[in-house]
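Please model the complete structure; the sequences and the hints are all you need to start from.
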Amino acid sequence: MELDAIRVNEQNYFNAVQADCAAAGIHIRDIDLDDFIHRPVYFEYERPLTMFDGYFADYVTAVCQRPDRMTVDQCFIRDTNWGGCPNPDVAGILVRVSAYMANLLLGIVLMYSPKEASAAVWTQLLTIYSLLVSGIIAIGNGDMLRSHAQITVFLVMSPLSSTLFVYAVLGCCGRPHRLDSILSKHLDHLLNRLLVIGFAVISLALVIFAAMAKPHYFSPDPCRFQLDGMLEAKEILLNLLFIPYVAIAALVVLMVSDPNAALGFLVLMLPFIMLVLSFVYTVVKQNHLLAEQYKVQNNEWKFWVMWQVLEVQYPFVHFCGVFLVPMLYWILVIEARLSDTADNIFALSFGQVLAIFVVLPPLLQAIQMTPMAWAWFRNLPFICFVCRRSQSVAPVKGYSVEDGNLEKDSSVADSFMDSFPEYDQGKERVSLWYNP
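Heads up, the sequence shown is in our numbering, so the first residue is 66 and it goes up one at a time.
For the record, the hints were derived by calculation from the structure and aren't laboratory data.
A few of these clues could be false.
As the list claims (entries may be wrong) - Distance ranges between label pairs, derived from CB positions:
(1) Ala84 <-> Arg112: 45 to 51 Å
(2) Ala401 <-> Cys129: 22 to 28 Å
(3) Arg112 <-> Trp187: 44 to 50 Å
(4) Leu428 <-> Gln130: 33 to 39 Å
All residues carry an ideal CB built from backbone N, CA and C; glycine is no exception.
Here's what the structure looks like:
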């Protein structure tokens with residue numbers, strides 16, 4: 066009915082113009098407006114030579130006006146497949162940068178000020194579930210590409226999210242950990258643990274769904290070719306690269322398959338190699354403390370005991386191993402997946418502007434920690450070595466033989482019990498984290 070009304074209005078307007086022109090002695094040829102309105106309009110646009118041409122963004126905008134009409138030929142700029150229409154609200158430049166910044170800042174808060182981590186954990190949970198819910202709704206409406214569903218999982222399952230998941234599992238098992246203040250075994254933290262474990266389960270389900278679901282669940286994407294069973298399994302494995310250090314296995318496979326990539330492999334492996342060397346150094350440097358713990362544990366090695374001893378003595382190595390190095394590979398995987406796609410076109414959108422404000426709460430929390438930053442920096446082993454001064458010694462935890470919990474009566478703990486200002490005689494373990 067609305068289209069009919071438009072036709073009537075246009076016809077009346079044309080008749081009036083034709084009558085005025087006829088009165089002035091100017092004849093206008095009569096036309097069939099029905100045919101004119103429905104006549105298709107064709108336009109030509111220049112195809113860019115590379116993705117770095119200035120009009121590549123205009124080309125993508127023109128082609129993506131009707132993504133269901135796109136052809137496979139339009140997906141290629143020379144030999145490069147630009148990956149289909151962009152989604153700036155999911156994979157835009159500002160969305161990715163804000164995700165990286167928010168995870169880095171929240172990770173610093175969790176690692177160096179765990180007692181103040183409650184707000185950081187809830188900020189991360191809010192961000193995660195907003196991404197998951199919006200992604201699931203978009204998939205339900207058929208408004209998301211398969212590749213963007215996979216990127217959503219990558220942004221959700223960051224190293225920070227994986228760390229929260231591990232702490233939630235430890236809390237369910239009754240093990241003490243860094244985030245006991247919010248993810249402990251107590252009933253008060255049951256909802257927190259369920260929310261953390263819940264997003265991990267949903268993300269894993271979304272990984273499998275995004276790799277194996279039929280094409281009609283997603284937006285039309287001629288730039289993605291139909292996969293067979295083996296390629297679907299490969300897609301699932303690629304989508305699991307968000308798991309910390311799994312990307313290293315992918316780099317090893319890449320080097321084996323392409324011997325010419327040895328130099329690039331070495332450069333990409335450099336953070337991991339430095340981390341391993343640092344860990345070996347800490348073990349050698351603290352061998353006397355580890356030997357004492359070995360005796361306390363009835364001549365048995367318990368990994369979590371050794372891990373927490375090294376954590377107290379070398380918090381920066383612990384921070385790098387748990388969070389910073391996995392985050393570098395997480396960013397590397399995301400940027401590699403989006404390197405030759407149209408998502409690198411900067412286009413300001415509501416989702417990208419909103420993503421900027423997500424960074425503000427963790428930024429304020431990190432700024433509040435700046436008074437302790439100088440003392441922490443001065444006490445780094447490398448800085449102490451360069452300045453040729455002794456490092457401030459952190460207290461060493463003592464552990465019981467039965468379950469590894471901190472024990473007041475152990476011979477190791479007696480010598481430094483005065484260093485625990487929060488020690489409670491009625492508790493089995495002391496909550497202390499080295500925050501210089």
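Structure-based check of all given hints:
Range check, Ala84 to Arg112: Cβ separation about 46 Å, and the 45 to 51 Å hint holds. About 23 Å separates the C-beta atoms of Ala401 and Cys129, a value consistent with the hinted range of 22 to 28 Å. For Arg112 paired with Trp187, a C-beta distance near 48 Å keeps the hint of 44 to 50 Å intact. For the pair Leu428 and Gln130, the beta carbons lie near 38 Å from each other, so the given range of 33 to 39 Å is met.
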